[in-house]
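S.K.: The primary structure of each chain is shown beneath.
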Amino acid sequence: MSNNYLIKPMSMALEMLGRISSSEHINRWKLREPALKLVYEGMRQSVRIGNFVQSRYLAAKPLDHDETLKKNIPPKKDRFDLTLTREQQMVRDELLKFSKQVIRPISRDVDSGEVPSAFFDQVNELGLALSGVPESIKGAGTVRSPISNMLMAEDLAYGDMSLAIASLAPLGFVNTITEFGSREQQARYLPSFTGDQFFPSSIALMEPEARFNINQLKTLAVSTNAGFRLNGVKCMVPLGTQSELIIVFAELEDHGTRGFILERHYPGIRIEKESNMGLSGAGMSRVVLTDVEVPATALLGEEEVHYSHQRMIDLARIGICGLSLGTCQAVLDFVLKYANDRIAFGEPISNRQAVAFMIADMAIELESMRMLTYRAASRAEQGLPFHRETYLAQLLCAQRAMQVGTDGVQILGGHGYVCEYPVELWYRQLRAVGILEGTFLV
Amino acid sequence: MINLEIPKKLRQLGDMAHAVAEGMFRPISRKYDRFEHAYPEELDMLRSILQGMSDGGSGMGADGLSQKKKGKSKDIKNGNNMAVVLNMMEICWGDAGLALSIPGQGLGNAAIAAVATPAQKKRFDGKWAAMAITEPDAGSDSAAIKTTAVLDGDEWLLNGEKIFVTCGERADLVVIWATLDQSLGRAAIKSFVVEKETPGMKVTHLEKKLGIRASDTATIILDNCRIPRDNILGSETIDTKKSFAGVMQTFDNTRPVVAAMSVGVAKASLDYTCELLSREGLSFQYKANRFEIPAIEAEIYRMEAELEAARLLMFKAAWMADNGKPNSKEASMAKAKAGRVGNEITLRCVELCSSLGYSENHLLEKWARDSKIFDIFEGTQQIQQLVVARRLLKKRSKDLK
Chain Y
90 MSNNYLIKPM SMALEMLGRI SSSEHINRWK LREPALKLVY EGMRQSVRIG
140 NFVQSRYLAA KPLDHDETLK KNIPPKKDRF DLTLTREQQM VRDELLKFSK
190 QVIRPISRDV DSGEVPSAFF DQVNELGLAL SGVPESIKGA GTVRSPISNM
240 LMAEDLAYGD MSLAIASLAP LGFVNTITEF GSREQQARYL PSFTGDQFFP
290 SSIALMEPEA RFNINQLKTL AVSTNAGFRL NGVKCMVPLG TQSELIIVFA
340 ELEDHGTRGF ILERHYPGIR IEKESNMGLS GAGMSRVVLT DVEVPATALL
390 GEEEVHYSHQ RMIDLARIGI CGLSLGTCQA VLDFVLKYAN DRIAFGEPIS
440 NRQAVAFMIA DMAIELESMR MLTYRAASRA EQGLPFHRET YLAQLLCAQR
490 AMQVGTDGVQ ILGGHGYVCE YPVELWYRQL RAVGILEGTF LV
Chain V
-12 MINLEIPKKL RQLGDMAHAV AEGMFRPISR KYDRFEHAYP EELDMLRSIL
38 QGMSDGGSGM GADGLSQKKK GKSKDIKNGN NMAVVLNMME ICWGDAGLAL
88 SIPGQGLGNA AIAAVATPAQ KKRFDGKWAA MAITEPDAGS DSAAIKTTAV
138 LDGDEWLLNG EKIFVTCGER ADLVVIWATL DQSLGRAAIK SFVVEKETPG
188 MKVTHLEKKL GIRASDTATI ILDNCRIPRD NILGSETIDT KKSFAGVMQT
238 FDNTRPVVAA MSVGVAKASL DYTCELLSRE GLSFQYKANR FEIPAIEAEI
288 YRMEAELEAA RLLMFKAAWM ADNGKPNSKE ASMAKAKAGR VGNEITLRCV
338 ELCSSLGYSE NHLLEKWARD SKIFDIFEGT QQIQQLVVAR RLLKKRSKDL
388 K
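Taken in order, these protein sequences are the chains called Y and V. According to my numbering, the first sequence is numbered sequentially starting from 90. According to my numbering, the second sequence is numbered sequentially starting from -12.
Rather than coming from a laboratory, the hints here were simulated on the basis of the structure. Hints are supplied without guarantee of correctness; some may be wrong.
The calculated SDA-like cross-link candidates involving lysine to any residue, where the alpha carbons are at most 25 Å apart (straight line), are [as the list claims (entries may be wrong)]: (1) V:Lys312 / Y:Thr174; (2) V:Lys312 / Y:Asp422; (3) V:Lys133 / V:Gln272; (4) V:Lys196 / V:Gly91; (5) Y:Lys307 / V:Pro281.
Kindly produce the complete structure, drawing on both the sequences and the hints.
M.R.: Shown next as structure tokens:
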């Protein structure tokens, strides 16, 4: 083993330092000090994790899907622990600041209009997608961590769920490629995410069916001489209209579900922005595929397919649960303040048990959602089976997130129903938690 | 680093407790449900087994419950509080009434462990201590208690009536909550240790109950009961500023334990229900669209998720205590969640299993009766909600009543 593997991440960190310190936004958000600390920490860690990076990404062939995450950092100590690593805590502090100072102020506007392109520049500077790109392809070189990715979803959704989805969609693409793609596909597609521009891309799983079933996709792929031909309709594809690259999941005859990497210019792809109850800022789109011919190299994993549909679904569910935590926390924090400030019958409404107990229950259920989500993510990270835990987390989040949303509106009463306050917006977003599948992988 | 798995070291202790629950408690579970107030002699043997486990560092006992002192080490601990909730969960999977009757494991022991001086701890070592708080006119409102303690020379003179004293008849000691001066409210409430057979203290009644019948629930009358001055736990002086907090602190440690009882019993119900359903051909794959599976299967998953939430909130609260983090809110969250979902699950399991659930040939109906108490004692559901709400909203009790 050469020292190169230890040096490379360090050089990456130095490169990041250069990018970050020259950013105008860094100063505007008063992020310079923390950002420097973050880079310092990244440097410190990178030496240590160099070995893992090497084994994880430079294997001669893609690792079997059950093995991929085992190569991540196993817990150093066998113990129950709810503290974030220093790195995670620093990222959390940064993203929460970003959520409050950048995302929340435009949350209402993007709900009824376009997302300003400047926003995506700012997201690019955060390096979210970069963090998922292996260092061998000039990415940030950090080991992919489902926990860290889930925490990012939580913290960004604290600002706004739709913009969190938009921000993380490219990372979802990157993670899908590093998880299931061939080395050639990684080398071909991932460098796009290391540049100065936000690179819109996403994955497309859902289909417009009332009884949409993740295990019975209607989008079909058939083998042709040159590769495959795809037909079908996908919906709720984040950033759809902007995406340069979309991984479409389809049933390949005799092979079950497979992913196909679609480049935007392939003939037969039509993409339209959807209008939904909420999440407009995520750029949810309908993708219509009519006899789309793709080369053989578009098949996710190519000859050595190691795609596991259930694993893809589960990694995405952890992300969606993460989103629900952030938005529910936003509701809870807002309602706490409102209930203390709002006077009725001569005293704050929070002096009444009917209101206070509702709030206590919102907090208890949110913490329940959080515990289940964190457990699923931590099992995924450690390479332990995590399907059951993810299933239960999604079940609880789907139900309780909506309860928190509707109770939030209830506590504000008529004020909750009008657009002057954000709770009706969160209510609409939280309805999606029980619906979304495959939005982005952690 | 985030990890919600229970470490191997603790898991092994849990497995031991589970074996005790399965091998010793389950076989006699129905018997002591039927013969309420009969002393479960089988437990005497258990006392020595548990003592052995405890001395072996298993954290089996309630006396192991305490808030870790701050500042020693930054290293994250999985200590006694976690061990105690894990063991209690497993033991109650066997039988909660019997778990409450394990000699030497009373709530009074937790109180003594939390606030006694070293000399007192030595004096009361190895004794089984019950806890007497509730009175006929003071339940959740423990600040309203009327039992009085008056200093008379070198002795305290206790007078009053205590009800719902768990292990009140069987324990060696009873920790009595009494007021030094009712006009001074909560601050004047202190706890006193009264030894069994002390003249003036007598058990006048044993309750017949809905569940946890293996555990005795006593009424105790204190009629000019004299105890040594040294039997007060904590300070003699009334500090209105420090108020009630000291006495109430015990609850931060014991509420996760009650949550553990609730989780244990609910787990017993759910495990057994799944077993019965499996025998009838149902299997659990966690696959498929959650709206396309049989309702009974969906119901099992929902209960599993709720139970898992309660279990993890319980461990979180205990973990915080182990690591010196103030956990009053989290302890109440854990108990609120565990209390209500535990009761809901046990009742639902009876319904799901139809006549088998309702029959005394199985234990499902018993667990559904047992579980109700966990949403009541050590603070009802509504008291937990109050504690959580006050913490979140930063309210004092005079504002949020």
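S.K.: Take the hints in turn and mark each one as holding or not.
M.R.: Taking the hints in turn, this is what the structure says about them:
no., hint, result
1, V:Lys312 / Y:Thr174, "holds, 18 Å"
2, V:Lys312 / Y:Asp422, "holds, 22 Å"
3, V:Lys133 / V:Gln272, "violated, 56 Å"
4, V:Lys196 / V:Gly91, "holds, 23 Å"
5, Y:Lys307 / V:Pro281, "holds, 24 Å"
Hint 3 from the earlier list is the only one contradicted by this structure; the remaining hints agree with it.
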